[in-house]
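132 is the number of the first residue of the sequence shown in the numbering used here; add one for each residue after it.
Hints were generated in silico from the structure; no laboratory data involved. Yeah, the Cβ is synthetic: ideal placement off N, Cα and C, and Gly gets one too. Incorrect hints may appear among the rest.
Think about it this way: if two alpha-carbon atoms lie no more than 20 angstroms apart in a straight line, the pair counts; the simulated SDA-like pairs of lysine to any residue are [stated by the list, open to error]: (1) K190 - Q156; (2) K190 - N176; (3) K190 - A177.
Cβ-Cβ distance ranges computed for the label pairs, FRET-style [to be verified]: (4) L146 - T200: 20 to 28 angstroms; (5) A159 - L179: 38 to 46 angstroms; (6) T162 - T189: 17 to 25 angstroms; (7) R202 - E148: 18 to 26 angstroms; (8) N176 - Q139: 33 to 41 angstroms; (9) E141 - T189: 48 to 56 angstroms; (10) K190 - R149: 33 to 41 angstroms; (11) T162 - D136: 55 to 63 angstroms; (12) T189 - H147: 35 to 43 angstroms.
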Amino acid sequence: MSVWDRDQLEVVSRLHERVQRLENQNEALKTSLTTAFKLLLHLGNATLPPERSGTLATKCQGQIASLKTIRPDHKQKTTGLPSGRSL
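Generate coordinates for the entire structure from the input sequences, incorporating the hints supplied.
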C-alpha cells in the first residue's frame, strides 16, 4: 500500500469516526427533545384549561412524531475507498 493510500485511508477513517460521533449526538438530542415535549405535554395537561391543553397536546405530539422520522440519509452501501477496501 502506498503512502498516499494510507493517508487516504486515515482521512476516511477519521471522517467515519466523526460521522459516528455526530450520529450519536443526534440520537441523544432527539431523545432529549422527545423527553422535553412529553414533559411539556404533561405539564400542559395538568395546568391549562382543556381547550388550551388540547392545542398544546396536538402540537407536542406532532413534534414527537416528527422527531421519530428523522433518519440519517447519508448512509451508503460503499465506503468510498479505492479498490473496494473496507475500514
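Results for each hint:
Only pairs whose Cα atoms come within 20 angstroms are accepted, and K190 paired with Q156 is rejected, the gap being roughly 24 angstroms. Taken as a hint, the K190 and N176 pair is honoured in the structure, with Cα atoms around 13 angstroms apart against an allowance of 20 angstroms. This hinted pair checks out: K190 and A177 have alpha carbons roughly 16 angstroms apart, not beyond 20 angstroms. The hinted range of 20 to 28 angstroms is satisfied by L146 and T200, whose Cβ atoms lie roughly 26 angstroms apart.
At about 29 angstroms, the beta-carbon gap between A159 and L179 misses the expected band of 38 to 46 angstroms. Between T162 and T189 the Cβ separation comes to about 22 angstroms, which falls inside the hinted range of 17 to 25 angstroms. A hinted range of 18 to 26 angstroms holds for the C-beta pair R202 and E148, which are about 20 angstroms apart. A C-beta distance of roughly 55 angstroms is found between N176 and Q139, which places it outside the suggested range of 33 to 41 angstroms.
For E141 and T189, the hinted distance range of 48 to 56 angstroms is satisfied, since their beta carbons lie about 50 angstroms from each other. Between K190 and R149 the beta carbons are some 34 angstroms apart, a value that agrees with the proposed interval 33 to 41 angstroms. Take T162 and D136: their Cβ atoms lie about 39 angstroms apart, and the range 55 to 63 angstroms is violated. Taking 35 to 43 angstroms as the suggested C-beta distance range, the pair T189 and H147 conforms, at roughly 40 angstroms.
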